[in-house]
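Heads up: the protein sequence lines correspond to chains F and R, in order. Under numbering that gives the first Met the number 0, the residues of the first sequence are numbered 0 to 526, in order. Under numbering that gives the first Met the number 0, the residues of the second sequence are numbered 0 to 526, in order.
Read the hints as simulated data drawn from the structure, not as lab findings. Hints may be right or wrong, so weigh each one.
Copies of the same chain look alike in the list, so a pair counts if it fits in one copy or across any two.
The calculated lysine-lysine pairs, modelled on DSS-like cross-linking and capped at a C-alpha distance of 27 Å, are [to be verified]:
| no. | residue 1 | residue 2 |
| --- | --- | --- |
| 1 | Lys-427 | Lys-385 |
| 2 | Lys-475 | Lys-189 |
| 3 | Lys-53 | Lys-41 |
| 4 | Lys-235 | Lys-469 |
| 5 | Lys-514 | Lys-53 |
| 6 | Lys-469 | Lys-189 |
| 7 | Lys-400 | Lys-137 |
| 8 | Lys-235 | Lys-344 |
| 9 | Lys-400 | Lys-427 |
| 10 | Lys-400 | Lys-282 |
| 11 | Lys-138 | Lys-400 |
| 12 | Lys-344 | Lys-138 |
| 13 | Lys-344 | Lys-137 |
| 14 | Lys-427 | Lys-286 |
| 15 | Lys-475 | Lys-235 |
| 16 | Lys-53 | Lys-286 |
| 17 | Lys-475 | Lys-130 |
| 18 | Lys-400 | Lys-130 |
| 19 | Lys-130 | Lys-282 |
| 20 | Lys-189 | Lys-41 |
There are 2 protein chains.
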Amino acid sequence: MDTSNLSRRRFLELVGAAGGSTAIYQTSRAMGLLQDTGPVAKLDLQGVGAAGKKIAVLGAGIAGLTVAYELERAGYEVTVLEASHRIGGRNMTLRHGDLIDEMGHNRVCNFDDDPDLYFNPGPARIPGHHKRILHYCKKLGIELQVKANFARHAYTHESGHFGGNPVRKSEYFADAQGFMSELLYKAVDKNRFDEPLSVEDRERMLLFAKRIGDLQPDGTYHGTARAGYESGGFIKPGTHKKTMDFSALLQSRHWESAFDNIHNPEWAEPLMEAVGGMDNISKGLAKRIRSPILTNAQVQSLQNTETGVDVVYNHNGERKKLSADWCFNSIPVHFMVGIPNNFPKDYNEGFAAVRPDNFFKIGLQMKERFWEREGIYGGITHTDQKINQIWYPSHGIHRQKGVVLSAYAFGREQSAFFERMSPEDRIKYAGACGDNIHAGYSSYIEAGVSVPWGRMNHMMGCGIVWTPEKMEKYYKRMRAPEGRHYMIGDQISYHPTWQEGAFASAEYALLDFDKHIRAESAVSRKG
Amino acid sequence: MDTSNLSRRRFLELVGAAGGSTAIYQTSRAMGLLQDTGPVAKLDLQGVGAAGKKIAVLGAGIAGLTVAYELERAGYEVTVLEASHRIGGRNMTLRHGDLIDEMGHNRVCNFDDDPDLYFNPGPARIPGHHKRILHYCKKLGIELQVKANFARHAYTHESGHFGGNPVRKSEYFADAQGFMSELLYKAVDKNRFDEPLSVEDRERMLLFAKRIGDLQPDGTYHGTARAGYESGGFIKPGTHKKTMDFSALLQSRHWESAFDNIHNPEWAEPLMEAVGGMDNISKGLAKRIRSPILTNAQVQSLQNTETGVDVVYNHNGERKKLSADWCFNSIPVHFMVGIPNNFPKDYNEGFAAVRPDNFFKIGLQMKERFWEREGIYGGITHTDQKINQIWYPSHGIHRQKGVVLSAYAFGREQSAFFERMSPEDRIKYAGACGDNIHAGYSSYIEAGVSVPWGRMNHMMGCGIVWTPEKMEKYYKRMRAPEGRHYMIGDQISYHPTWQEGAFASAEYALLDFDKHIRAESAVSRKG
Ligand SMILES: Cc1cc2nc3c(=O)[nH]c(=O)nc-3n(C[C@H](O)[C@H](O)[C@H](O)COP(=O)(O)OP(=O)(O)OC[C@H]3O[C@@H](n4cnc5c(N)ncnc54)[C@H](O)[C@@H]3O)c2cc1C
Ligand SMILES: Cc1cc2nc3c(=O)[nH]c(=O)nc-3n(C[C@H](O)[C@H](O)[C@H](O)COP(=O)(O)OP(=O)(O)OC[C@H]3O[C@@H](n4cnc5c(N)ncnc54)[C@H](O)[C@@H]3O)c2cc1C
Chain F
0 MDTSNLSRRR FLELVGAAGG STAIYQTSRA MGLLQDTGPV AKLDLQGVGA AGKKIAVLGA
60 GIAGLTVAYE LERAGYEVTV LEASHRIGGR NMTLRHGDLI DEMGHNRVCN FDDDPDLYFN
120 PGPARIPGHH KRILHYCKKL GIELQVKANF ARHAYTHESG HFGGNPVRKS EYFADAQGFM
180 SELLYKAVDK NRFDEPLSVE DRERMLLFAK RIGDLQPDGT YHGTARAGYE SGGFIKPGTH
240 KKTMDFSALL QSRHWESAFD NIHNPEWAEP LMEAVGGMDN ISKGLAKRIR SPILTNAQVQ
300 SLQNTETGVD VVYNHNGERK KLSADWCFNS IPVHFMVGIP NNFPKDYNEG FAAVRPDNFF
360 KIGLQMKERF WEREGIYGGI THTDQKINQI WYPSHGIHRQ KGVVLSAYAF GREQSAFFER
420 MSPEDRIKYA GACGDNIHAG YSSYIEAGVS VPWGRMNHMM GCGIVWTPEK MEKYYKRMRA
480 PEGRHYMIGD QISYHPTWQE GAFASAEYAL LDFDKHIRAE SAVSRKG
Chain R
0 MDTSNLSRRR FLELVGAAGG STAIYQTSRA MGLLQDTGPV AKLDLQGVGA AGKKIAVLGA
60 GIAGLTVAYE LERAGYEVTV LEASHRIGGR NMTLRHGDLI DEMGHNRVCN FDDDPDLYFN
120 PGPARIPGHH KRILHYCKKL GIELQVKANF ARHAYTHESG HFGGNPVRKS EYFADAQGFM
180 SELLYKAVDK NRFDEPLSVE DRERMLLFAK RIGDLQPDGT YHGTARAGYE SGGFIKPGTH
240 KKTMDFSALL QSRHWESAFD NIHNPEWAEP LMEAVGGMDN ISKGLAKRIR SPILTNAQVQ
300 SLQNTETGVD VVYNHNGERK KLSADWCFNS IPVHFMVGIP NNFPKDYNEG FAAVRPDNFF
360 KIGLQMKERF WEREGIYGGI THTDQKINQI WYPSHGIHRQ KGVVLSAYAF GREQSAFFER
420 MSPEDRIKYA GACGDNIHAG YSSYIEAGVS VPWGRMNHMM GCGIVWTPEK MEKYYKRMRA
480 PEGRHYMIGD QISYHPTWQE GAFASAEYAL LDFDKHIRAE SAVSRKG
């Protein structure tokens, strides 16, 4: 009978006493092999080919604008058709006076007229390995700044735990790591494997456990300065906080997602944001495009022809037609089902198969930056209330006012809860939830906006919920061109809610397009 | 015989099955009890008392300037005497043309003349719970921004591990947590306690282990997206990195300090810095002081008199005397040993008992921000080379050039290694170390500065190394005034290398001073 707590075999496998795997490991990771999502492609576009120069770009979000920008520079005649009154798509920032185009609830952002008081209802974070968006920001001179995403001074709040009181993340994490590492320490200390661990392995493992959790010399956990001081610390010696109750911690639910939140590469510190609002990215692209970008131009039908694509659209109430040689289409695929076309059945089946995902955000203008008095200078408080999260701005430190993200619902169900409310009620609701975390929270609210992506005109959702089977079945199909028509957008990337996916889809389509052009021009040179 | 790996008693203690402690815990932490280093004192200074209004402040660092600022506002006649050619003390920023006043190596900072290219050889980080420094920054309108301190994309580098190649922190941490949590999982899974765990506790513990390390459903660790992708991720499905070798990880030394670096409250994300350079804090204080701040004014003797303190100083070569009613002295205590005075023996013993600590930094102007091409936008690479750390700037993202901290030695021994070199050799040395981490590192170096605090005139060290015995013996004594002479500075706080300690010492002295003034004026009212 195996009396070990973890099998000796697996431990040896892990600790790899033989050392051989170390050697393999070391030789396989020469410097420079530390790559991630692949380098940005050099878009050495061929220029206008024999197949015509007229390009229709449908949708003026990140993907559409990127294609327009690149093809214009390669010499094409580009027209961008955008259904909304504004460009940018989900790349949106709300400021004083901006229209919030929610179905049935058109309204205007009532923030103060101050460039510092803005809200990003869509994209708000850029990680350092999203090479394409970073490449374009650099190229176009769009200023970026660090955005504090994780803050140890922010709270975790669970209505049914810790007396319903918010707990500093510093404390929560210090204790979680402490208790855990004590358990680990004991497990290693008793050394009950079939064959005992080598003295050296055991020593290192014990030290490892100690350092992870900041244990006492005897391997027990009795609190740590990591949790923050209860009092003192500068003029008086600091007093550690008492440890939380492990049972209480274990029963709480924050850790179920917290470790992933911290370690997820998409949220890897430091994150960045565009200075002054994320929409400076789409605006920065648009500023460098001289071709017409028509807003209020909703595409209503698409016909592939022998030599291109005929696009019928409604521009400010007038029906128009654009006969293009090529078409790049970022219209949300769930809308494509309703847009008459002559595409083959399997292509259309892809459109019908997907289901839009959904998100919801509220931004509140607060008349005082009360969170800074609590030592919070950015980052996120997590709560089990329906608002999910509170984000504190990390720009504009110490100014009078600030805009706080006061609800962030994920997915269709969570979003629907808020969508059913009136805009006023959403703000009241978020205020009441905030009161359970910060005393007086709702009394600081001066103005507020809510953006339910599932009810925003020309959007009615955000990204796609793929099942693995559907992904397998329709993904390749949707990314391959149909005649001279390309689908683009984050919707056809493996990251349906990251701008990097939109940029990557544009790059992918442009490279494929260029291959066609080069092949054609080779043929026409021969002919 | 106890066959458990961790004793049932301690486990129950940890998991607290009784639940009683939860209740205690919950009631003891009402909202608002989440305090840390105590609130900033309301400095409601009494104003000039019967004991005279002439104040001598010795040293124009953070502590001295704070005292001068507050007492001037309370109506006192303040003179600040500063030995150096500049104010600020260790609060220093180097820019184009600045003098580096190193003993025997006076030289000028050769960075480009560009406000973005600066280096903070002293303080560089402010955490959100340092309430005093944040209070003054807010009050004086000194702009702050987030400083990325931890970056998952930065590296850990150990010459004798992982083939000497740098390893991304994301990967290192993901695997460390993964392997560790697998061990924890097994320990709990086998459930070999005297009495078995309750079904519920066991289930939660298993889930806990899984979530900490992102384990497979069976509790084994086989890599995670947290480590970053090997390739793909947007247009192609992402491929996880292969896990590191656990033995290699365990033998490496980064984790011995890494977990503390991350969880230490003093480095709690998000950290902040003054926009444009940390010396904007001392400059911001000085700008609001109308009283004379004499530079090149070195204090040479101190005599307590019946009614105050006589300060003899050398001002630009001239011997002068200032007869003050009160004196606030931030001169490094290791200099006080050499400054003739008539203080009692035990006070002087305190000066002699302390030993200055030491630090050393190098800042290099790089002609390209090559680190951004590696996905690094701030944060720190740790290495076991003598340079210890490389810091990447998180301001000025995507500009052409940037200043990188290229060595940060801690303590006297590490610093001495660099102090012995010529300024040119230090830079060459740092460049060679950098080459082991970033290909071509030294080829980007355009200019460089090194600041050995132990050799900087009027400083010759930084902070104090206290032994617990000496702290016990001399600490209180040094903080109590001697007649009308107060010692101030971070040197008498429990955080000898944090500006918050300097601010706290000023606050402490001012409150004590105010108590005296109030007592005196009560006496004189009566008299
Ligand atoms: C709540 C939320 C949070 C997010 N967070 C982040 C983040 O932190 N970081 C990040 O990088 N990304 C984030 N994203 C994702 C990011 O917004 C998207 O990946 C990106 O903006 C998608 O760009 P796109 O061009 O592919 O699509 P879209 O921006 O959706 O563009 C499609 C365009 O087509 C237009 N259109 C619709 N119908 C028609 C029609 N019939 N005719 C003409 N035009 C039409 C639409 O008006 C729209 O402008 C977030 C998104 C949301 C909603
Ligand atoms: C490498 C390094 C890193 C640091 N990092 C941080 C950080 O990230 N965050 C942070 O908050 N803090 C940091 N600190 C600590 C911070 O710099 C100090 O806590 C703070 O600046 C101390 O201020 P002070 O007024 O107490 O002393 P000082 O600044 O040392 O002031 C003493 C003054 O006395 C003057 N003087 C000396 N002799 C005489 C004399 N005979 N007559 C007259 N004047 C004299 C000196 O020139 C000096 O100006 C760091 C320090 C160093 C060196």
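The hints, checked one at a time:
| no. | hint | verdict |
| --- | --- | --- |
| 1 | Lys-427 with Lys-385 | within (13 Å within a copy, 56 Å between copies) |
| 2 | Lys-475 with Lys-189 | neither (53 Å within a copy, 45 Å between copies) |
| 3 | Lys-53 with Lys-41 | within (23 Å within a copy, 70 Å between copies) |
| 4 | Lys-235 with Lys-469 | between (62 Å within a copy, 16 Å between copies) |
| 5 | Lys-514 with Lys-53 | within (17 Å within a copy, 82 Å between copies) |
| 6 | Lys-469 with Lys-189 | neither (50 Å within a copy, 39 Å between copies) |
| 7 | Lys-400 with Lys-137 | between (30 Å within a copy, 13 Å between copies) |
| 8 | Lys-235 with Lys-344 | between (76 Å within a copy, 25 Å between copies) |
| 9 | Lys-400 with Lys-427 | within (19 Å within a copy, 47 Å between copies) |
| 10 | Lys-400 with Lys-282 | both (26 Å within a copy, 26 Å between copies) |
| 11 | Lys-138 with Lys-400 | between (33 Å within a copy, 15 Å between copies) |
| 12 | Lys-344 with Lys-138 | neither (40 Å within a copy, 67 Å between copies) |
| 13 | Lys-344 with Lys-137 | neither (41 Å within a copy, 63 Å between copies) |
| 14 | Lys-427 with Lys-286 | neither (38 Å within a copy, 44 Å between copies) |
| 15 | Lys-475 with Lys-235 | between (65 Å within a copy, 10 Å between copies) |
| 16 | Lys-53 with Lys-286 | within (21 Å within a copy, 62 Å between copies) |
| 17 | Lys-475 with Lys-130 | within (23 Å within a copy, 55 Å between copies) |
| 18 | Lys-400 with Lys-130 | between (33 Å within a copy, 19 Å between copies) |
| 19 | Lys-130 with Lys-282 | within (19 Å within a copy, 39 Å between copies) |
| 20 | Lys-189 with Lys-41 | neither (57 Å within a copy, 54 Å between copies) |
Going through the hint list in order, the structure does not satisfy hints 2, 6, 12, 13, 14 and 20.
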